[in-house]
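Construct the entire structure; sequences and hints are all you get.
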Amino acid sequence: MILTLARASLVRHRARTLLAILGVAVSAAMLLDMVMLATGMRVSFGSLLLSQGFQIRLAPKGTLPFDTDATIPDASHVVRTLMARPDVVAVSPVLGAQLHVEHGATSVSAAALGTIAAVQGDYKLLTGHAPTRDDEIVANDALLTALGANVGDTLRVAAGFDPQLRTFTGQRTLRAVGRVHFIYLAAGERALAMPLESLQAIEGASRTDRASLFMVRLRAGANVESARSAIEQTVHTVSAISTETAIQQVEQRLSYFRQLAFILGSVSLAVGFLLVTTLVTVSVNERLGEFAVLRAIGVRRTRILEQIMLEGAVIMIVGAVAGLGLGLVTARYLNSILAAFPGLPEAISFFLFQPRDAWLSLGLLALCGILAGIYPAWRGASLPIGPTLREEAVA
Amino acid sequence: MTAALSLPLRAAIAFLVAAQSIDSLPPRHSPRSVAIDERLAADYAIRLGDTIVIAATPAAVGDTVVVSALVRRSRDPSEVARGAYRIRVHLDQLQRLVGYGDRVERFAVGTNGPTATDSSLAAIDAAAFGFRAYSSHEIAVESSTTFLVVSRFHRAIGVITIVASAIFLLCIMLLKVDERRRDVAALRLMGISRRTIVRSVVLESALIAVLGSIAGVALGAIVSAFVNWHYQRVYRTPLTFSLVTAQIVAIAVGISLGLGIFAGLLAAQRLVRRPPLSLFGR
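Protein sequence lines correspond, in order, to chains R and C. The letter at position 252 of the first sequence is residue 251 when you use numbering that gives the first Met the number 0, and the numbering goes up by one with no holes. The letter at position 144 of the second sequence is residue 143 when you use numbering that gives the first Met the number 0, and the numbering goes up by one with no holes.
By construction, these hints were calculated from the structure, which means they are not laboratory data. Among the clues, some could well be false.
Think about it this way: if two alpha-carbon atoms lie no more than 25 Å apart in a straight line, the pair counts; the simulated SDA-like pairs of lysine to any residue are [unchecked claim]:
(1) 175/C - 6/R
(2) 60/R - 175/C
(3) 175/C - 14/R
(4) 123/R - 382/R
Computed footprint of chain R on chain C; a stretch qualifies when at least three of its residues, placed anywhere within it, have a C-beta under 8 Å from a C-beta of chain R [as the list claims (entries may be wrong)]:
(5) 54-62
(6) 198-210
Cβ atoms here follow ideal geometry from the backbone N, Cα and C, with glycine treated the same way.
And the structure:
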């Protein structure tokens with residue numbers, strides 16, 4: 000009976016119910032988006048950092064990886080020191096630089112990474128093979144397209160210009176031996192990779208035996224934090240950053256989005272709550288006589304309470320389910336806007352859907368729907384039967 | 000007080016040009032002056048006149064310098080999320096400290112207006128091989144990309160908020176007008192025209208919208224002040240994060256008024272179309 004009465008009440012005012020559901024749907028969409036925004040960045044960034052199995056990154060003391068042009072001296076000594084540790088499985092030194100690349104009449108600048116092919120974790124090979132010889136490079140699609148080049152082509156690279164001699168410095172002729180996808184680079188960023196020693200040589204004396212970053216892979220089960228701390232104490236020229244620390248630092252930089260997500264998510268919940276409370280309250284006010292009659296014919300107070308609360312919960316749940324779909328669409332749109340952040344790795348997603356988020360949003364909204372019905376339900380159920388019937392009859 | 004500070008190369012170099020304006024070159028035998036970030040001074044209890052040591056790397060032998068000025072971060076949005084401290088040192092001293100030779104990363108060139116800027120850019124690009132000259136406008140466009148993205152994101156959130164508000168308002172107006180169906184029925188039976196009733200409802204909803212807008216603007220101003228206070232503390236910057244301008248107020252009131260009138264009109268039309276007796280429930 001409760002279901003029938005609740006349904007009849009909602010269907011009686013179709014436009015009103017529809018608008019309320021629509022309002023809740025928009026609130027639910029916003030809430031889902033904000034829950035996704037609050038957690039997505041952390042999860043997405045964490046999985047990106049761990050995607051290649053490196054748990055610790057070493058950057059020049061006091062800096063974040065590739066945040067400055069600073070480099071770490073004695074790279075080969077650092078690698079040997081790290082590899083001597085029993086909990087370290089692999090160390091990947093990386094040198095970053097900006098190179099001038101020419102192919103035919105086309106010339107562009109590109110980010111260059113010097114790595115050791117056997118242990119690198121910066122790119123995934125799509126075609127060809129990894130660069131192991133001094134004259135070999137691999138490039139991403141953005142660079143190959145910009146140059147109009149293909150795998151197998153010969154490219155000329157230079158580290159810079161000498162304004163006095165009016166010539167390129169560190170000029171080399173290299174061969175593209177593979178097409179790769181760079182994991183940590185922004186979409187559309189032109190980049191190439193080559194053996195570490197080749198890039199050090201191209202960059203000249205200032206980069207001899209230097210690296211911008213070391214990525215460290217630990218044995219399974221090793222304590223990351225204690226390894227991080229020990230490395231920092233052993234190698235004084237670096238700041239050791241664990242994945243957890245890196246996530247915290249990025250979160251700190253982008254804390255604005257988390258706070259925005261919290262505020263807008265709360266506002267969405269409040270709006271949904273107010274909407275349902277208002278609607279159910281007005282609906283109860285209109286049906287005071289109906290409730291008095293039900294009470295007069297012996298319907299228990301709790302049944303009326305349940306019926307009114309059910310009305311609120313139905314609006315909230317139907318709206319929330321519709322809103323989850325809408326939320327996924329808007330999240331995709333909002334993510335496409337934020338994806339244009341300069342330098343943001345392609346794999347980072349601000350709005351990452353996880354079933355947990357959907358359940359959390361749905362649960363919060365259902366709770367709000369139930370809470371929203373409490374006051375009007377209590378009011379409807381606690382009416383004095385006699386006076387209410389008389390007032391309704393007079394009206 | 001003496002403190003050894005290691006500073007990222009880039010952070011220091013970024014201020015090469017500005018460094019020249021700190022003061023004139025003092026005699027080499029006394030410690031030279033340095034201007035430091037006021038956040039660095041606050042965090043490490045450094046005061047004006049203190050002696051500190053600056054070095055390119057932690058292990059390197061540095062220079063002893065005297066803190067002669069504290070500098071506040073500029074209102075540059077691109078600096079907001081960067082926590083690195085900045086110091087300003089004399090150009091030649093920094094070149095020596097970091098082994099940079101007679102090099103700089105960039106030159107800032109003053110011109111006599113936009114025409115002179117364009118001709119200077121062309122002349123520099125044509126004459127100096129290996130250099131690329133940019134106008135301040137080009138650099139501003141390039142460095143503000145992040146904030147354009149954030150601005151677009153805010154606009155999208157704003158549109159969603161407006162849609163939610165519109166539905167909320169429409170729902171409330173519908174309920175409010177519906178609640179008065181007996182009054183409307185009585186007025187109609189007394190001979191008051193539909194048009195008059197619609198006008199009165201629209202006027203009422205417009206008034207509610209205006210009052211709501213005034214309350215909203217006041218709330219917005221308070222929230223804006225809180226946002227500025229909070230984020231200026233979080234990021235330790237004088238940058239203004241939230242700005243309530245006359246234009247923003249006008250847009251908000253305009254949208255609110257438009258939505259209010261539309262919602263009132265829709266609700267009133269829906270009510271006056273029904274026969275008066277049916278509004279009485281007969």
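Need the status of pair residue 60/R, residue 175/C: alpha-carbon distance at most 25 Å? violated (65 Å)
Tell me whether the statement that chain R covers the region 54-62 of chain C is true, taking a Cβ distance below 8 Å and needing three residues at minimum. holds (count 3)
Given as covered by chain R, does the region 198-210 of chain C meet the bar of three residues or more with CB within less than 8 Å? violated (count 0)
Within 25 Å, alpha carbon to alpha carbon, are residue 175/C and residue 14/R? Within the cut-off at roughly 14 Å; holds.
Proposed proximity, residue 6/R with residue 175/C (alpha carbon, max 25 Å): Holds - the C-alpha atoms of residue 6/R and residue 175/C are around 22 Å apart, at most 25 Å.
Between residue 123/R and residue 382/R, is the straight-line Cα distance small enough, at 25 Å or below? Outside the cut-off at roughly 71 Å; violated.
Violated hints, listed in ascending order, are 2, 4, 6; each of the other numbered hints is respected by the structure.
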